[in-house]
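Heads up: the sequence lines are chains A, B, C, D, E and F, in that order.
In case it helps, the working numbering puts the first sequence at residues 16 to 254.
In case it helps, the working numbering puts the second sequence at residues 16 to 254.
In case it helps, the working numbering puts the third sequence at residues 16 to 254.
In case it helps, the working numbering puts the fourth sequence at residues 16 to 254.
In case it helps, the working numbering puts the fifth sequence at residues 16 to 254.
In case it helps, the working numbering puts the sixth sequence at residues 16 to 254.
Heads up, some of the hints might be wrong.
The list cannot tell twin chains apart, which means a pair is met if one copy fits it or any two copies do.
Listed below are the simulated EDC-like cross-link pairs for lysine to aspartate or glutamate, each with C-alpha atoms no more than 20 Å apart in a straight line [as the list claims (entries may be wrong)]:
#1 K238 x E228
#2 K121 x E184
#3 K171 x E220
#4 K157 x E184
#5 K158 x E47
#6 K171 x E199
#7 K157 x E47
#8 K157 x E120
#9 K248 x E193
#10 K248 x E228
#11 K95 x E60
#12 K248 x E69
#13 K246 x E69
#14 K121 x E220
#15 K97 x E184
#16 K248 x D20
#17 K97 x D118
#18 K248 x D227
#19 K157 x E193
#20 K238 x D227
#21 K97 x E24
#22 K238 x E162
Source of the hints: derived by calculation from the structure; they are not laboratory data.
Protein chains: 6
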Amino acid sequence: MTRVDGRHEDALRPIRITTDFIEFAEGSCLIECGSTKVLCCASVEERVPPHVAEGCGWVTAEYSMLPRANRQRSRRDIDKLKLSGRSAEIQRLIGRSLRAAVDREKLGPRTITVDCDVLQGDGGTRTASVTGGFIALALACKKLMAEGILTENPVKHYVAGISAGIVGETALLDLCYEEDSRAEVDLNCVMDDNLAIIELQGTGEGRSFTVDEQQTLVQLCRKGLAELIEKEKEIVGEL
Amino acid sequence: MTRVDGRHEDALRPIRITTDFIEFAEGSCLIECGSTKVLCCASVEERVPPHVAEGCGWVTAEYSMLPRANRQRSRRDIDKLKLSGRSAEIQRLIGRSLRAAVDREKLGPRTITVDCDVLQGDGGTRTASVTGGFIALALACKKLMAEGILTENPVKHYVAGISAGIVGETALLDLCYEEDSRAEVDLNCVMDDNLAIIELQGTGEGRSFTVDEQQTLVQLCRKGLAELIEKEKEIVGEL
Amino acid sequence: MTRVDGRHEDALRPIRITTDFIEFAEGSCLIECGSTKVLCCASVEERVPPHVAEGCGWVTAEYSMLPRANRQRSRRDIDKLKLSGRSAEIQRLIGRSLRAAVDREKLGPRTITVDCDVLQGDGGTRTASVTGGFIALALACKKLMAEGILTENPVKHYVAGISAGIVGETALLDLCYEEDSRAEVDLNCVMDDNLAIIELQGTGEGRSFTVDEQQTLVQLCRKGLAELIEKEKEIVGEL
Amino acid sequence: MTRVDGRHEDALRPIRITTDFIEFAEGSCLIECGSTKVLCCASVEERVPPHVAEGCGWVTAEYSMLPRANRQRSRRDIDKLKLSGRSAEIQRLIGRSLRAAVDREKLGPRTITVDCDVLQGDGGTRTASVTGGFIALALACKKLMAEGILTENPVKHYVAGISAGIVGETALLDLCYEEDSRAEVDLNCVMDDNLAIIELQGTGEGRSFTVDEQQTLVQLCRKGLAELIEKEKEIVGEL
Amino acid sequence: MTRVDGRHEDALRPIRITTDFIEFAEGSCLIECGSTKVLCCASVEERVPPHVAEGCGWVTAEYSMLPRANRQRSRRDIDKLKLSGRSAEIQRLIGRSLRAAVDREKLGPRTITVDCDVLQGDGGTRTASVTGGFIALALACKKLMAEGILTENPVKHYVAGISAGIVGETALLDLCYEEDSRAEVDLNCVMDDNLAIIELQGTGEGRSFTVDEQQTLVQLCRKGLAELIEKEKEIVGEL
Amino acid sequence: MTRVDGRHEDALRPIRITTDFIEFAEGSCLIECGSTKVLCCASVEERVPPHVAEGCGWVTAEYSMLPRANRQRSRRDIDKLKLSGRSAEIQRLIGRSLRAAVDREKLGPRTITVDCDVLQGDGGTRTASVTGGFIALALACKKLMAEGILTENPVKHYVAGISAGIVGETALLDLCYEEDSRAEVDLNCVMDDNLAIIELQGTGEGRSFTVDEQQTLVQLCRKGLAELIEKEKEIVGEL
């Protein structure tokens, strides 16, 4: 089987990361994976939500698609007065993933909100948001250290996300939209720099899948995530 | 380690299923797993949403917690004018799981909505909803066949869900709330009667986890799901 | 005229009350009147809304129908982003009725919220909510006394509700849905243990009604309420 | 006891009705009862909501208070994104009352919406809305007849509303705000031109009340309603 | 060209201002310009929004149309759960205009909210709201001075608004609805008592317009505003 | 006076327009004016809203700021369940401006929605949205012609927007945020390729302004708009 863009089965799409795309944000990047473009901005606020333990910080994420991110225009959430259920699901995944990267005691009593806005969506937007969101978060923490607000880096791990899937009975890494829409099985995986799992979400869209198939997909993701984490190290530098 | 309720590490909580709890619904049950109580009702409507292919049916789910399902009262969604993000995430999981059980062509142009309302929540409400929701769905389809509306059963597989987790470095099946709130790793799994995976969601709440740990948890779930599917067969009968 | 279920004109439907149905709530019961099933939970919170006088407590109620409580499924309020007008009207009635049962000075600066969730509705859900809600409230106050939080019982009266109506020119007590949908006149009445009126709501659905007819309906309700209050005394015990 | 405005116990407040206050509406009036001012507009639309039987019409009402109708400014419903529960309760009462005035078959497949907007509220706004709303409705139907759209008047009865209450153990007709805020018992009554009851709502605000007291209040209302219906006949003319 | 109501091209419609229409408000008037009727109420509250500088006050406005203000009934904002975009645009204009009239330091730490509710709309409702809203505001400030709450009048300028437009290539002052709906160019202007501009909004509805045409319209408005400000001086008296 | 970025008083900020930034949209550009960045996407749909005349098309705009477009993060509209009043006002301005560019009969029964999403806001976002939105719209129409869906270009005029203001008594063109926040007078102007006015909005933020001052600002805008329209001609080509 040849992939629509000629890639090898275990190859990532070309990735391009423009840091500081939004100069006002404490940390930001525009992450492009193939035709997928996500703008990730990390904002620091000197307060925490009420449920957070005394002295600790908080990290949270919001995810949204611009109305013309897809092949068809969608109505804005505010027009329907409802956060899309898909966005709600995705931003919870991103938030959990990014919190796993941070020592919330070292962060201190402040909140970092990572906004992931999909400018163009061609598959893999949730995992691109995890990877781009991590970079924005890490840059914001570097800035807090450079400004002397923090003395120790609260980021304790590099974190990245990627998807894999079974399309026409072949396991493929990093599905683009055309592949994703035909996938029988779809799996998203977030790992840290030990290549240990933070989040794993697998769905049998067209059929159920065996435990062996699930393992194959996790190994594919692991390969991709090793590459992505190298990329993050180049961009963000040492923690 | 002894579990809070004295159970073995790979034991399910006592399960009790009262079918036809709501006599007006096409299919319904009250499912109780330990102290967790979820009311599941399947409603059949003779129309489908616009995105469904001509001639096919649709299966969807809604999940909600009553305000006093938990140890503290929570405000109702309508009071906040927002569907809880957690509910949005969970009902998408239930919907995907139940759609995997059904041949939507055999269902024909009708929608089955499965409402899962948590009367009391003591851990595992999302997977209890999948299991109870499946039973309500299967009973509703049996009713459509008994009434001659359908001639073939659109339910093609038994489907059930369960959770497992790592608590104090021990892998445990079917966490209750007290265990769940201390878990380092939490994994929810939905399988069909081939014990193949439909949905898999794993989260490192306190730490990341290895691929091996992930496999241990899947195997624990698999053991529990085999028991649950036997229970479903007793209640629902042959497909 | 024979009633649909063979009852005498001034007979209540069989009533079944399961207390402590929700173990987490300070007080709770599942009240079943014929096929009507309402889950009532009383929750105590150590704060009061701003409009309440210094030192006094507050009692309020929320009423909702689960989507499949009726013969047809209804959309959830949160799906429409609007509290149903009928629910708004009913929960105000329940709240006023339950506040009349309580000495708010003796309650002290705390709020008791009584959630009445209709699991199945076959007529008379608002008055079943008053009766079941009273029991949940009284049980919660007993618990506050048992825990030493209160020394005097703030519940000063037993309170219960019932409906009566004119169907085919006959006055009937405690209408079920089938009777209610054919009623010309419908009257809901809440009384205390002196059989004095707390709330009275009469509506000419099909025609206007005379003052004499109104009195007949009040006397029917009074007979039913005397029985219900006896039942409450058995369940709740002395105030 | 002398009343705050020197009225006799069974006297109405001075009433002033300005018809056609809004020239664009099919029927309208500004009704003033003492300092209470309600603008009532009836709008005719050539369609009916889906639940209405083939060939029949529909009558509905909406009730709202302008933000500065009261002694303190209140936030608008749209600012809170919630219809006030009190408004929901009241507009349901007005709608039921006005539907009782109309033969919906004679109205034909059209909807009359009666908007009751309280410009200034000094007690009795819901019953002033019923009376003023009836006049707007009757004027709109006259207009439909004058225009030849209807040949028979669908208004079959004059309908009016009034309140009575027990203040300091004295039964008083037509409470103003100052009396209403001190009332122990409050009763609203809507009758037709046979002085038969359409709606009756009594509430023990400060204490429960006997069946005899309830009857005294109904008789007070009946006296006031006889006067109001005479006034309506003068303004609207023959049906 | 003769205007629909026979007015001269630079003539205002007959204007009628009833002050203290709402006796509960600190300041109020009903302003009628031809068939346009707007109820304006100024409410004083002893607090300011968070963005206001220490010691200063705030002035804000809300604008809304009653559902039957127009030739066709419109649904209420609360029914659609959305503030109309037109109302949002207009109330921002009114708020900016009225703030320009006031010395917010002299006002001290209090908020004046001016509610402009259109009872009947026949063109020019936004500028009638500015003029009527100014009168309500000025009356409220006079009341604060009479009560000794303020010693200096915070109102520093009279402020009024009017519209002009090009209809059939003729420039006309103070368009009524029939003219407005045929206008090629529409311009709204708010000035102070120096006849200097506070707000200017011009729109080419049917075609673009030259700088010269724009000047002609501003001069027309200026003539009308001189008259309106004289009227305000008569009603409000000296500042 | 020297401007913060050293520009001449009548100079535009450096402008950069990247067309086809979003490849899925029928027309799109990223417009950057100094540090202001707005993503403009034109989407074509083959249907019109109900108020549009038979056979005609419709052009509308939506405007929104991403949460971290500004120096401080703002909450999303969907989080507050309210479209910001400022966005409502601005998107109405953009919509009217773009409709003035188009012959809606030539467009035929289709809607073009122009989404203007501010990625970074440093002043002048509304007028940048008009200019960038025009380019997206014109590119979309070119595409409809290239695909043979349209035979004549419905775009009849180039349209662009710019702001000017009085800062420290000096009239300046194209204010950046730092200038804008200190401006006494602020004026936004939209013109077509005849340099005739489509929209004009002037506000005295700190003081009222004379008719002469207003003219000075319009002439400044006119100079800037002539340059912007030349730029549009280069990018879009002939109409």
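Do the hints match the structure? See the list:
no. : hint        : verdict
1   : K238 x E228 : both (16 Å within a copy, 19 Å between copies)
2   : K121 x E184 : neither (46 Å within a copy, 25 Å between copies)
3   : K171 x E220 : between (35 Å within a copy, 15 Å between copies)
4   : K157 x E184 : neither (44 Å within a copy, 33 Å between copies)
5   : K158 x E47  : neither (23 Å within a copy, 25 Å between copies)
6   : K171 x E199 : between (36 Å within a copy, 17 Å between copies)
7   : K157 x E47  : neither (22 Å within a copy, 28 Å between copies)
8   : K157 x E120 : within (16 Å within a copy, 43 Å between copies)
9   : K248 x E193 : neither (30 Å within a copy, 36 Å between copies)
10  : K248 x E228 : neither (30 Å within a copy, 27 Å between copies)
11  : K95 x E60   : between (29 Å within a copy, 18 Å between copies)
12  : K248 x E69  : neither (32 Å within a copy, 47 Å between copies)
13  : K246 x E69  : neither (35 Å within a copy, 46 Å between copies)
14  : K121 x E220 : between (41 Å within a copy, 18 Å between copies)
15  : K97 x E184  : neither (37 Å within a copy, 40 Å between copies)
16  : K248 x D20  : neither (27 Å within a copy, 36 Å between copies)
17  : K97 x D118  : neither (33 Å within a copy, 30 Å between copies)
18  : K248 x D227 : neither (32 Å within a copy, 26 Å between copies)
19  : K157 x E193 : neither (37 Å within a copy, 27 Å between copies)
20  : K238 x D227 : both (17 Å within a copy, 16 Å between copies)
21  : K97 x E24   : neither (38 Å within a copy, 41 Å between copies)
22  : K238 x E162 : neither (36 Å within a copy, 43 Å between copies)
Going down the numbered hints, you'll see the structure goes against 2, 4, 5, 7, 9, 10, 12, 13, 15, 16, 17, 18, 19, 21, 22, while the others check out.
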